[in-house]
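**Q** Assemble chain C onto chain Z, guided by the hints.
Each chain, written out:
Number of protein chains: 2
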Amino acid sequence: MDKLMETFEKNDPVALGRVLKEVESQSEKGYEILKRTNKEKGKAHVIGITGPPGAGKSTLTSKLCKQLVNKGFTIGIICVDPTSPFTGGALLGDRIRMQELAKLPNVFIKSLATRGSLGGMAHSTADIVQLMDSFGKDIIIIETVGVGQVEFDVLEISDSVVLIGVPGLGDAIQTVKAGIMEIADIYVVNQADRPGADESVKDLKLMIKESERKDWKPSVLKTIATEQEGISELIDELERHKTHLITTKAWEKKRKERNYNRFVGRLDEIVHESVEGQFKTNPKTQSIIEQVKEGTMNPFSAANKIAEYIIKS
Amino acid sequence: MDKLMETFEKNDPVALGRVLKEVESQSEKGYEILKRTNKEKGKAHVIGITGPPGAGKSTLTSKLCKQLVNKGFTIGIICVDPTSPFTGGALLGDRIRMQELAKLPNVFIKSLATRGSLGGMAHSTADIVQLMDSFGKDIIIIETVGVGQVEFDVLEISDSVVLIGVPGLGDAIQTVKAGIMEIADIYVVNQADRPGADESVKDLKLMIKESERKDWKPSVLKTIATEQEGISELIDELERHKTHLITTKAWEKKRKERNYNRFVGRLDEIVHESVEGQFKTNPKTQSIIEQVKEGTMNPFSAANKIAEYIIKS
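Protein chains in written order, with my numbering: chain Z, 937 to 1249; chain C, 937 to 1249.
Derived from the structure by calculation, the hints contain no laboratory data. It is possible that part of the hints are untrue.
Since the list gives no way to pick one copy over another, a pair counts as held whenever it fits inside one copy or between any two copies.
Unchecked claim - Below, in silico cross-link-like pairs of lysine-lysine (BS3-like), each with a Cα-Cα straight-line distance of 27 angstroms or less: (1) 1189 / 1002; (2) 1241 / 1216; (3) 1241 / 1190; (4) 1190 / 979; (5) 957 / 1229; (6) 1248 / 1220; (7) 1248 / 1216; (8) 1185 / 939; (9) 1141 / 1178; (10) 1039 / 957; (11) 1248 / 1039; (12) 979 / 1150; (13) 1216 / 1189; (14) 1220 / 1189; (15) 1216 / 1141; (16) 1002 / 1145; (17) 1153 / 1248; (18) 1039 / 1153; (19) 971 / 939.
Chain Z with its partners taken away, still in its complex shape (with noise of 0.2 angstroms):
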């Protein structure tokens, strides 16, 4: 343990990896380095990368990452796929191209899958934030797929969205995508030498303005990924974010809120993982669950009773 520890202080990424592994695992190793990694430098930023299947995302971001590293910035990744729970987010990515970026210097990519929990995902992106950011990794880029709840719980983590979307994908998405609109700092249209780019641009660009945020104001940038336009530009406009964040104090914020949401986080699991413990052990429950199973007592009343048996009031 001490061992490892040293050699993660000494940041070699083979150590990064294990501490990642013992983490995810949840074992009690994985709790003491997370508290032993505790203080957090709070200097990496974080940034969260969003859009519908299809718009490029991996590769736009396999780009905006290259371009970092040749800058001279260490970077950390998590590619997280909330859609999954059955395949056990086998579709992360795309693991190839992920691959490649691995091959880099001072890159390392954690793919992280549904772990059972609804809320378990955010948390878990939260403190490989926090051990990523302890590491001494000046960039964490989060990934994410999809749309839903989830997203929005790993998007909040970042210090600044990215929304990546492209021309003529159809309104259907971009309407299921209205609520991830307000939480970007910055709209990408990528794939931009398709036709109907310019339009995409302009509807983006009158959504702002009717938005009622007024802390920023995004910007929407055109980017043809593949062919690496626009990604300094994007740079550019991310290290704008930052200062901007840094300006307002909204940076300091944002650090004390992912310290406080982790705390949550872990409470919620430790009670829940207690009270799932009490009621599946304690004989006095195991009648009433069968009543309720039964539909003989009705599940409210049973919860009520099981809770009492379990929270000091």
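**A** Showing chain C alone in chain Z's frame:
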């Protein structure tokens, strides 16, 4: 209250509406109603309908519903939209089409948007299913949008899951949907007059053949919902699946599961509220939380400490 329940038991749809509102607002009255109506009749066939945006879910649901009403069934529809915590579910289904449906005799529609907590949606849906069943609905249709864990949890409430696709919607969405595919009982290729329909059917059949599912072989139907084509075949297939469930006792098992999950859901809610209430008000916990935010105490030790205050050992 007694009067409300009396009219509810007399099958007054106005009473059903009021009851659902109380339950949705999570008022004391709502919980009281859920307790009183617990005698789930267990009669209703719960059908989950899902598919990507643009596949024609609303149209198909609407045509299906009309034919079922003509056959003399009473219907409850629950529209679940887990994608828009920010917009408050404003994008739910096709509003106008749904309003038309609501004019039919014996049809009741309830829209449901995210109510904050991640797990909350599935629990609310399960509560509404119970109420509609208790009210005497023969068939309850849960229409859900999007992908993600929430969708899974919602679909798990259903007896029969129908997955709607369209020809040529692209591999990207199909891939994302891979998880869902494994829980579908009936596949529908809608807009089957569009090119590529037969290939989609072939692909799906191949996928089913390769799947490891043994309890039930899902069939693949073609529909053109706008023209009412294929709807009666879908009804036949739903009947066949229902019979299969009853014969194999999966029907009974699902009802026990539903009761149990509603209990666990409610227990989680109670525990969560109680824990939050305690750590937000207890002065002893305040300094711990401050230290967590500042990063001087790690979130995991803090969570352990606070759990000790709250949980009986």
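**Q** All the hints need checking, so say for each whether the structure fits it.
**A** Status of each hint after checking the structure:
With identical chains, the CA atoms of residue 1189 and residue 1002 are never at most 27 angstroms apart, being 30 angstroms at best within one copy and 53 angstroms at best between copies. Taking CA atoms no more than 27 angstroms apart as the test, residue 1241 paired with residue 1216 passes in both settings, with 14 angstroms inside one copy and 24 angstroms between copies. In this assembly of identical chains, residue 1241 and residue 1190 lie within 27 angstroms of each other by CA distance solely across copies; the values are 24 angstroms between and 39 angstroms within a copy. For the homomeric pair residue 1190 and residue 979, the shortest alpha-carbon distance inside one copy (12 angstroms) is at most 27 angstroms, but the shortest distance between copies (50 angstroms) is not.
For the identical chains of this complex, residue 957 and residue 1229 are inter-copy neighbours only, at 26 angstroms across copies versus 38 angstroms inside a copy, given an alpha-carbon limit of 27 angstroms. Proximity of residue 1248 to residue 1220 under the C-alpha cut-off of 27 angstroms is found in both arrangements, the shortest distances being 18 angstroms within a copy and 15 angstroms between copies. Taking identical chains as interchangeable, the C-alpha atoms of residue 1248 and residue 1216 lie at most 27 angstroms apart whether they share a chain (19 angstroms) or sit on different chains (15 angstroms). Neither within a single protomer nor between protomers do residue 1185 and residue 939 lie at most 27 angstroms apart by alpha-carbon distance, with minima of 37 angstroms and 55 angstroms respectively.
With identical chains, the CA atoms of residue 1141 and residue 1178 are at most 27 angstroms apart within one copy only, with a shortest distance of 21 angstroms there and 50 angstroms across copies. Taking the closest pair of Cα atoms, residue 1039 and residue 957 come within 27 angstroms of each other only inside a single copy of the chain (19 angstroms); across copies the shortest separation is 56 angstroms, beyond that limit. Taking CA atoms no more than 27 angstroms apart as the test, residue 1248 paired with residue 1039 passes in neither setting, with 52 angstroms inside one copy and 50 angstroms between copies. With identical chains, the CA atoms of residue 979 and residue 1150 are at most 27 angstroms apart within one copy only, with a shortest distance of 26 angstroms there and 52 angstroms across copies.
In this assembly of identical chains, residue 1216 and residue 1189 lie within 27 angstroms of each other by CA distance solely across copies; the values are 19 angstroms between and 40 angstroms within a copy. When the C-alpha separation of residue 1220 and residue 1189 is checked against a cutoff of 27 angstroms, the pair qualifies only between copies, where the shortest distance is 23 angstroms, while the shortest distance within a copy is 46 angstroms. Within a single copy, residue 1216 and residue 1141 get their C-alpha atoms no closer than 54 angstroms, and across copies no closer than 41 angstroms, so neither meets the 27 angstroms cut-off. Taking the closest pair of Cα atoms, residue 1002 and residue 1145 never come within 27 angstroms of each other, the shortest separation being 33 angstroms inside a single copy and 42 angstroms across copies.
For the homomeric pair residue 1153 and residue 1248, neither the shortest alpha-carbon distance inside one copy (48 angstroms) nor that between copies (49 angstroms) is at most 27 angstroms. Taking the closest pair of Cα atoms, residue 1039 and residue 1153 never come within 27 angstroms of each other, the shortest separation being 36 angstroms inside a single copy and 44 angstroms across copies. For the identical chains of this complex, residue 971 and residue 939 are intra-copy neighbours only, at 16 angstroms inside a copy versus 56 angstroms across copies, given an alpha-carbon limit of 27 angstroms.
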